[in-house]
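Asker: One-letter residues, chain by chain:
There are 2 protein chains.
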Amino acid sequence: MSTGPMPMPMPCAACKLLRRRCTTQCIFLPYFPPSESHNFEAVHRVFGASNLTKLLQKIPFDRREDAVKSMVYEAKARVMDPVYGSVGLIASLQSQVLHLHDELIAATAEATSLRVQLSQTMSLQGHATMDIQQPLHSSCDHDFSIYDIGLQEEI
Amino acid sequence: MSTGPMPMPMPCAACKLLRRRCTTQCIFLPYFPPSESHNFEAVHRVFGASNLTKLLQKIPFDRREDAVKSMVYEAKARVMDPVYGSVGLIASLQSQVLHLHDELIAATAEATSLRVQLSQTMSLQGHATMDIQQPLHSSCDHDFSIYDIGLQEEI
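In the order they appear, the protein sequences are chains A and B. With our numbering applied, the first sequence has no gaps in its numbers, which climb one by one up to 155 at the end. With our numbering applied, the second sequence has no gaps in its numbers, which climb one by one up to 155 at the end.
With the rest of the complex left out, here is chain A:
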């Protein structure tokens, strides 16, 4: 009696595309159900099944689902935009961060100026106490560059 891995009655999306036998030990089985063939098609087209296998083998089981999700996302971005892929989105987001940062500096400076004006005006009126809002904490210390790959933060 054979003790090898049991064949799956319905192959996963990867084995179906690669036309190979799918078993209970298939590395792709948990992440590419038959109903999500488009996901495997994208990663297969961009990374290749062999590279995806090698990458998954180096990652602990409990992180593989996240790894597959991020690779599917990246692959779809590259299919949509063959020139820039996900890097196009990174550049766009970095541009937005810089723009928002500049706007925040301007808004904070405006609030500071208004606070000074209000303080002076109320002093002229002889107010003993002034109910002027304190400045909000501002995170104007960001500094981003397209070449600073800070990948410490998780999704």
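Among the hints, erroneous ones may be present.
[Unchecked claim] Keeping only pairs whose Cα atoms sit at most 20 Å apart, straight-line, the calculated SDA-like set for lysine to any residue is:
1. A:K54 with B:K58
2. A:K58 with B:E41
3. B:K54 with A:P82
4. A:K54 with B:V79
5. B:K58 with A:R45
6. A:K54 with B:L17
7. A:K58 with B:G48
8. A:K69 with B:P82
9. A:K54 with B:P82
10. A:K69 with A:I59
If you are wondering where the hints come from, they were derived from the structure by calculation, not from laboratory data. Quick caveat, the model's predicted, so the values are computed rather than measured.
Following the hints, put chain B in place on chain A, whose structure we already have.
Answerer: Only chain B this time, still in chain A's reference frame:
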């Protein structure tokens, strides 16, 4: 006399790694000089030489340099962070955009409140005209999601 492509006296980084003859018609030659072997090693490891070749063949010549740069960037991000790759940076940037957006809303609201306070105080003093700063234009209309891949903007 042979009319085939001329061999290169020094192979490009790709041909050197793949141990193949490099010629003037090598698709990798313009983008992977021998001095930048680490760049090709990264894209070869993540995407594979075959997938990179297929991708470049579908892209016009004048966009290929940008495509290679973005793939090198993406590959290095994946080597540094095998689980999240460049998607980790996208998530981090999206989080920063949302955080800055919230701070900008708060700073703008603060400035508006101060402007009202100042206007009322000056009215009490009988000022005919008020030199109060006008609100700055704020781009508080961003709405980002990890699954909104907007790749229209170029680097």
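Asker: Which hint numbers does the structure go against, in order from smallest to largest?
Answerer: As far as the earlier hints go, only 1 is violated by this structure.
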